[in-house]
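Chemist: Residue numbers (this note's numbering), protein chains in the order written: chain A, 1 to 244; chain B, 1 to 305.
Keep in mind that the hints were calculated from the coordinates and are not lab data. Since no wrong hints were added, every one of them can be taken at face value.
Restricting the straight-line Cα-Cα distance to at most 30 angstroms, the calculated cross-link-like pairs of lysine-lysine (BS3-like) are: (1) A:LYS147 <-> A:LYS107; (2) B:LYS297 <-> A:LYS91; (3) B:LYS297 <-> A:LYS28; (4) B:LYS301 <-> A:LYS28; (5) B:LYS301 <-> A:LYS73; (6) B:LYS300 <-> A:LYS107; (7) A:LYS227 <-> B:LYS301; (8) A:LYS130 <-> A:LYS91.
Looking from chain A toward chain B, a few residues come up when the C-beta cut is under 10 angstroms (computed): (9) LEU64; (10) TYR87; (11) PHE100; (12) ARG104; (13) LYS107; (14) GLU123; (15) LYS125; (16) PRO126; (17) ARG165; (18) ALA166; (19) ASN169.
The beta-carbon is built from N, C-alpha and C at its ideal position, and this holds for glycine as well.
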Amino acid sequence: MAYDFHRDLQSIQAPVIHFDHVSKNYQKGIPALDDISFSIEKGEFVFIVGNSGSGKSTLLRLMLREIAPTKGKVYVAGRELSRLHRYQVSKYRRSIGVVFQDFRLLKDRNAYDNVAFAQRVTEVKPSEIKQRVPRMLSLVGLTEKYKAFPAEMSGGEQQRVALARALVNNPVILLADEPTGNLDPKTSWEIMHLLEEVNRRGTTVVVVTHNHEVVDSMQKRVIMLRKGRIISDEKKGGYVYAKY
Amino acid sequence: MRSIRTFFYCLRQGIRSIFHNGMFSLATVGTIAASLFLLGLFFFVTTNVRYMISEAEQNVGITVLFDEDADDEKIAWIGEEIRKRSEVSEVIYISPEEAWENYKKDHFNEELAATFGDDNPLEHSDSFRVMLREVEGQPVLVRFIETLDGVRQVNAMESVADSLSGINRVVALISVVIIAVLVAVAMFLIHTTVSMGISVRRDEIAIMNLIGATDFFVRFPFMVEGMLLGLCGALIPLGILHLIYARVILYLTGEFQSVFQSITFLTEKQEFQYLTPGLIAIGVLIGWLGSSVTSSKQLKKIGLR
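Given only the sequences and the hints, what does the whole structure look like? Please build it.
Modeler: Listed below in structure tokens is the structure:
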């Protein structure tokens with residue numbers, strides 16, 4: 001029987017993500033990650049913070065199974081990601097939503113088609129796409145802009161479309177890589193509130209960010225990295241506290 | 001249902017990509033079409049030469065003459081030995097009377113023939129006429145018959161057999177070389193077209209990868225693109241070859257009547273019953289192979305596989 005990640009992620013009680021002494025070396029020399037261990041429980045909202053080159057993006061790429069660890073093991077829903085076959089990786093990623101700093105929208109498609117794209121490539125029925133896409137656009141407040149192309153939208157609106165695309169397949173985990181990096185403070189807050197709303201609905205949210213203000217005021221769990229190592233892991237932390 | 005939907009989605013993407021890479025697609029179709037057009041021409045030549053050979057084989061025979069002192073028993077034994085050979089389709093005994101009648105018919109007019117009266121200058125020239133299954137087997141068979149006891153002479157029409165087989169071999173060799181070069185060029189162009197398509201759609205493919213598209217879903221549009229280019233590259237020459245075949249045969253038999261008067265060509269129907277599916281299969285195969293290998297390599301190269 002095919003392994004159903006989505007079902008397991010929804011039903012799991014143990015940590016949904018677990019890093020077990022993970023190291024990642026891209027080349028000989030300084031490791032991008034050095035013997036990292038931590039767990040994320042189901043329904044948590046976690047910030048991963050740290051300077052450039054601290055290993056934050058490597059952490060996300062490992063969770064996405066874009067890369068494999070040099071040492072140690074990464075578990076999601078109790079499954080070791082390195083052991084997944086290529087065909088299982090695509091099924092696994094359908095349970096994970098991803099948002100990027102640069103939005104990564106398809107420039108030749110409007111907001112509706114960008115969101116629908118995520119469903120089309122996962123071979124969802126057209127009738128279901130017609131139902132889910134407007135619902136997601138409404139959730140991110142873009143009902144009126146469904147025909148707009150990326151070039152016709154502000155950065156905040158583009159990030160909302162990206163968020164709708166990440167959520168349309170009903171992911172159990174949402175990974176956000178600097179989601180407010182290209183946005184002004186007001187828009188950044190709007191996006192963070194949306195992520196908080198998504199988390200309230202039961203999705204585990206992992207946000208990699210540089211945004212001190214957001215991290216400090218949201219009072220969520222903060223894992224701080226420096227030179228590939230975890231230097232603090234606060235249950236209700238802030239960027240300032242984690243720094244020292 | 002799901003796979004049909006996916007198939008049509010990939011088909012649309014493949015067609016979209018063909019138009020997106022307009023000039024490269026055109027160049028690819030053009031090269032495949034040129035290769036397959038030449039292949040078609042060589043197919044016409046080789047199949048017709050083979051047909052002519054098989055026609056000629058029915059008329060090409062070996063004449064076996066016996067020693068003057070060979071009795072009926074010996075002649076019968078020689079006949080049996082020859083019949084045992086796999087290259088032989090038929091052995092006909094020609095008596096001295098038949099031989100003289102045939103000679104007179106072919107070389108003398110009635111007046112001249114009458115001067116011989118009842119004399120038969122070919123009295124000791126009874127023979128076997130040996131018909132072959134394939135012209136290629138003639139030299140071996142001749143050598144064998146010459147070793148048989150009681151055989152005086154073996155006459156074979158080697159020049160006809162050799163030249164027909166020779167033409168076929170040369171045509172086949174030239175066609176293989178030229179087609180191999182053109183197929184290589186076509187594959188290179190497919191590689192370039194698909195690589196361009198991947199490069200243009202790189203962002204889209206990266207997103208597809210991250211949101212859980214299967215490997216097949218990512219690669220199949222490129223394979224569809226390659227196969228469609230190959231199909232177009234096969235249909236164009238097939239259309240042209242259809243148009244020209246009957247005309248060329250008509251021209252050859254009309255303009256070069258003296259050369260082709262006794263030669264028959266394959267009909268259009270006989271030619272195209274194999275050529276049509278053959279060229280379509282080769283075109284689609286070239287397209288599929290080129291795009292499949294390239295998409296796999298390119299996606300690995302940019303880290304998306």
